[in-house]
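Take a look at the letters that make up each chain.
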Amino acid sequence: MEKPILETPPTPPTPPEPPTPPTPQDLPTPTTQATAPTQNAAPTQASDAKEGMLSRRTVLKAGGALGALALAGGVCGGVLPRFFSTTPTAVADPEEKIVWNHCAINCPGRCSLKLHVKDDEIVQVETYAINDDDIDSVQPRACLRGRSYRAWVYDPNRINYPLKRAEGTKRGEGKFTQISWDEAIELVSSNLKRVISTYGNESVYINYATGVSATTGRTWPRLINILGGYLGYYGTYSTAEINWITPYIYGNSSAGSTINAANEAALILIFGSSPCETRQGGAVSNHDYVAMREKTKGKIYLIDYRHSDSMIGHSDTWLPINPGTDAALVSALAYELINTNLVDLDFLHTYCQGFDEESMPESAKGRNLSYKDYIMGTGYDRIAKTPQWAEPITGIPAGRIKELAREIGTTKPLFVLQGWGSQRRSNGELTAWSICMLPLLTGQIGLPGTNNGLREGSYAINLDSIPAGDNPVKTQISVFSMADAIDRGPEMTEKRDGVKNAERLKTGIKFVVNYAGNCITNQNSDINWVHDIMADDTKCEFVVGSDIVMCDSMKYCDVILPDIFRLEQESMIGTGGDAAYMIAGSRPYGPKYERKSAYEAITLVARAMGVEKDFTDGKTEADWIKSLYETTRSKDASLPTLETAREKGVFTRKNPKGCNIALEAYRKDPVENALTTQSGKIDIYSEKLAEYIAAHEFLPDDKVTAIPTYVPEWYGVETTTGQFPLALSGFHYRSRTHSSWGGVAWLKELNPQELWINKADAEPRGIISGDTVRVSNQFGVMELLARVTPRIVPGTVATSQGAWHDADMSGDRIDRGGNYNTLATHRPSPFAKGNAQHTNICQVEKLG
Amino acid sequence: MSIYGFYFDGTRCTACKTCVYACKDKNDLNLGFAYRRVFEYTGGDTTRDGAGAISSDCFTYSVSVSCNHCDNAVCIEVCPTAAMHRDPQTGLICVDSSVCIGCGYCALSCPYRAPKVDRAKGHSVKCDGCNDLIKDDKAPVCILACPTRALGFGKISELQAKGEQVNIAPLPEKDYTLPNMYIKPSKDARPVGTDNAFIANPLEVL
Chain A
1 MEKPILETPP TPPTPPEPPT PPTPQDLPTP TTQATAPTQN AAPTQASDAK EGMLSRRTVL
61 KAGGALGALA LAGGVCGGVL PRFFSTTPTA VADPEEKIVW NHCAINCPGR CSLKLHVKDD
121 EIVQVETYAI NDDDIDSVQP RACLRGRSYR AWVYDPNRIN YPLKRAEGTK RGEGKFTQIS
181 WDEAIELVSS NLKRVISTYG NESVYINYAT GVSATTGRTW PRLINILGGY LGYYGTYSTA
241 EINWITPYIY GNSSAGSTIN AANEAALILI FGSSPCETRQ GGAVSNHDYV AMREKTKGKI
301 YLIDYRHSDS MIGHSDTWLP INPGTDAALV SALAYELINT NLVDLDFLHT YCQGFDEESM
361 PESAKGRNLS YKDYIMGTGY DRIAKTPQWA EPITGIPAGR IKELAREIGT TKPLFVLQGW
421 GSQRRSNGEL TAWSICMLPL LTGQIGLPGT NNGLREGSYA INLDSIPAGD NPVKTQISVF
481 SMADAIDRGP EMTEKRDGVK NAERLKTGIK FVVNYAGNCI TNQNSDINWV HDIMADDTKC
541 EFVVGSDIVM CDSMKYCDVI LPDIFRLEQE SMIGTGGDAA YMIAGSRPYG PKYERKSAYE
601 AITLVARAMG VEKDFTDGKT EADWIKSLYE TTRSKDASLP TLETAREKGV FTRKNPKGCN
661 IALEAYRKDP VENALTTQSG KIDIYSEKLA EYIAAHEFLP DDKVTAIPTY VPEWYGVETT
721 TGQFPLALSG FHYRSRTHSS WGGVAWLKEL NPQELWINKA DAEPRGIISG DTVRVSNQFG
781 VMELLARVTP RIVPGTVATS QGAWHDADMS GDRIDRGGNY NTLATHRPSP FAKGNAQHTN
841 ICQVEKLG
Chain B
1 MSIYGFYFDG TRCTACKTCV YACKDKNDLN LGFAYRRVFE YTGGDTTRDG AGAISSDCFT
61 YSVSVSCNHC DNAVCIEVCP TAAMHRDPQT GLICVDSSVC IGCGYCALSC PYRAPKVDRA
121 KGHSVKCDGC NDLIKDDKAP VCILACPTRA LGFGKISELQ AKGEQVNIAP LPEKDYTLPN
181 MYIKPSKDAR PVGTDNAFIA NPLEVL
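Respectively, the protein sequence lines represent chains A and B. Our numbering applies: residue 1 is where the first sequence begins, and numbers increase by one. Our numbering applies: residue 1 is where the second sequence begins, and numbers increase by one.
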């Protein structure tokens, strides 16, 4: 590692007698320069701008070659041409106009973009900003990703024409032929008709995808519902486990407190969350967390296996823990709280069910099934969850656990929050529930300065979206089960595989719609396994994709419809964090090449299927935006008119209550405001879950309980092997939202794909920072750069999720993109049947 | 003399590099160039004992730096053609690309690594404090980009009231060039010359 580069004493000023240019062949000689300065003179604004535009157009031309590139078999990994001007930007150009729009990726910052547009090109991207450093003003400032939109909009990977999979090639090879829109629509509609008539509507699936958020952004469900419906999914790739378990705990009252509620807290515990990295914008958690940290008098602990960027400059907030063991820590804290009489028994008996024998439901009394029994060693496993028990599991010294328990039991208000990192694991459902135990044990719920233990809530402006209509097909699978349902659909049952609303699937998935998402492969688990299923077109017979760039999932499509960025269209979005905002986007220029908006493309499919009128309701997308907004406005008169909204671009609103506090109403009156759980209270023992467990089949090592317990992970710190001795986990990265922006060279340059590894694990392997390392396990192999750092606990390595998978799938299948989903199991979590992508073990070796 | 300077709040910066990209976008900087850099400075260790217990004295903080438009500007001093000059109106240090011969002395001399020779352009390039915007009474793009409001820009007298002249690792001793960068250091910040820590993100700074 290079030591303090900047501290190297600078070269002393050398008296410059005619200096010798370092590389004379590249530069004008000093003499020429001195005598003819005009040769190198800055161009005038006009010629300057012209050159800039020419250079940008060159890129568009290069991008336009995608069809031809594709024929040559190289749709991805093209060389990024110089798309930026080599001369400075002209400013205050009278021909330049400002167009407001918004980011539309699943962040959910969806921040403001102030586009400088000239001659139908974006020449600069700014954001909504007031000229001050006032941390209280609501400014949805775009992050580095938003500021990099030009590099993405003009990316050579953009899809410009309708494409179909090249004859004689398999899905996944990524070879395509340019076709006309007529042919594309004919292929999509005829296959859709054929599949529905052959296999029924249950064989049609709209894959989970999050690349577009806007009120008119997602209309495939509307079309397919009109055509008889499709196999639905439940859950999300972000929240599968936590959202599955939450209704058993809190019913439908699960919204968390806003982050600024912690301003009033005296102690703040945050599990598995890096608010500064996951939502980076100027009016979501990055800002909200920094503002809260500055204002609160509360001591903050971020409980994480990684010293995340949310701790930068504040390293004393890091409480390092082994990944996947949060529930063990909570159990030991609970033991200490109970043992030292620091639990709030009145609260537990009034507001909760199942803490102790006294508060168990009749059906479960007398069998030592309570939470207290589990913790104190009188429960089903007969193990007392002492700090000594937890120390080797969590890596936190027993003495430290005892101190922390005392702090938790004696410091109020206590604000406990978890991100979605702790739950994206094989024990995620029970871990998420366990974390909620800390505010419950201490009675720190529904009061100022508290939270319910779940993710922070938001104060948002919610806008109406194009209605999807009713899906006549009620059967659902878990969001993570697409590949299974393609591979072995009719074998999948309600009891074993989490099929909902039917005992089993009637058919496998035969037709997939993949719009603006990268979850076929890239964001899915066990990419090698998914590849084999998708490559076989006798299983899933047709895949239609639609996207703006040739991401990995697009390579598995039979037909690709070229989409337009939301920021290139009229668009509206409402969102928020501590404060709410809405952005009304206008179109900077018309469609380029043969790209069409998703709405327009789906309308063409609807026309071919004979249901255009039902689909559009006689409206263009612009008509929808207008009428939807009017509907919203009729419910919320404080919103500006559409014209004003577009002119101003950004509309912000502070929470009139100051902050949201989770379960405030329930705390005030638990009878009047009873929860929708089975007991009407907060369930620490869930009778409903006990019934669910009894009625379902689980794998032998899936330990399932009706109370929150710690379960060692399948592939975790307690289950590493000699062959795979390290745990492997993932985190969100500054330069990507999941895989969005993953192909943008401009961002990749300063945001390298690295494996974080502690010195204790790197040194024995001879690894130093900057080395290329190979990471492997039973599912796959990836290569990336090493970053040796004390910012990760020994025994665990981690990398940022969402890197673009880059492997020769007909060759060695080594993923040189560093996408750790290559190494993630496709085994679903026990309850939610969700992705447990943080649960992996591996070996790491230095390459060459 | 300089009139304006930058302000950096180390307690607010989360090292996201939005400032870097806002600048790159405004200035049309291709791969290989960035006028602003965000250093991650890391020290300490995180270890595990024989019983499996983890302990850590790890610290990490970030510093976002561009050109500090120093009072004692060595880049101006070493420039053989006077291309590196102070704008008489704003005091910001700029490159006159019509005079610059791209010799690279400025790049070699600057302890903050602010100037760089762009071979394709044939001259030095660096942060000019968004001189064009300042003349137009606007703020530099990096300042208005920061999602957590960690950056500021203003008259030096105002900055002096807000913070202290930058003198933390991994930057050089302030007395060398008298940088016009004022900061509020984070709790983790270490003095210049700290020798038990390192720049942890060499691949992220140009």
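Since the hints were derived computationally from the structure, they do not count as laboratory data. Even for Gly, the Cβ is constructed at its ideal location relative to N, Cα and C. Hints may contain errors.
[Said to hold, decoys possible] Think about it this way: if two alpha-carbon atoms lie no more than 30 Å apart in a straight line, the pair counts; the simulated BS3-like pairs of lysine-lysine are:
(1) K295/A x K155/B
(2) K297/A x K138/B
(3) K138/B x K97/A
(4) K299/A x K412/A
(5) K114/A x K703/A
(6) K412/A x K175/A
(7) K114/A x K121/B
(8) K748/A x K135/B
(9) K114/A x K135/B
(10) K295/A x K187/B
(11) K187/B x K412/A
(12) K114/A x K138/B
(13) K365/A x K703/A
[As the list claims (entries may be wrong)] Label pairs and their computed distance ranges (CB to CB):
(14) R119/B x S627/A: 37 to 47 Å
(15) E294/A x Q89/B: 34 to 44 Å
(16) T631/A x R119/B: 33 to 43 Å
(17) K635/A x P191/B: 54 to 64 Å
(18) Y593/A x D57/B: 38 to 48 Å
(message) Please verify whether K114/A and K138/B have alpha carbons no more than 30 Å apart.
(response) Since the Cα atoms of K114/A and K138/B sit roughly 16 Å apart, the hinted pair holds (cutoff 30 Å).
(message) Can you confirm whether the C-alpha distance between K297/A and K138/B stays at or below 30 Å?
(response) violated, 35 Å
(message) For K114/A and K121/B, compute the direct alpha-carbon distance and say whether it is at most 30 Å.
(response) holds, 29 Å
(request) Confirm or reject the claim that E294/A and Q89/B have a C-beta distance inside 34 to 44 Å. (result) Since E294/A and Q89/B have Cβ atoms about 36 Å apart, the given range 34 to 44 Å holds.
(message) K138/B and K97/A were given as a pair; does the straight-line alpha-carbon distance stay at or below 30 Å?
(response) holds, 18 Å
(request) Decide if the proposed pair is consistent with the structure: K114/A and K135/B, CA atoms, cutoff 30 Å inclusive. (result) Given that 30 Å is the threshold and the Cα spacing comes to 21 Å, the pair holds.
(message) For a C-alpha distance cap of 30 Å, please report whether K295/A and K155/B respect it.
(response) Roughly 27 Å between the alpha carbons, so the hint for K295/A and K155/B holds.
(request) Take a look at whether the Cβ-Cβ distance between T631/A and R119/B falls inside 33 to 43 Å. (result) violated, 57 Å
(request) For the range 38 to 48 Å, tell me whether the beta carbons of Y593/A and D57/B fit it or not. (result) violated, 56 Å
(request) Starting from K299/A, check that the Cα of K412/A is at most 30 Å away, please. (result) holds, 11 Å
(message) Hint check: K412/A vs K175/A, CA-CA at most 30 Å. Holds or violated?
(response) Given pair K412/A, K175/A is violated - Cα atoms ~61 Å apart, limit 30 Å.
(request) Go ahead and decide if the range 37 to 47 Å is satisfied by the Cβ distance of R119/B to S627/A. (result) violated, 56 Å
Violation of the numbered hints given earlier is confined to hints 2, 5, 6, 8, 14, 16, 18; the remaining hints are satisfied by the structure.
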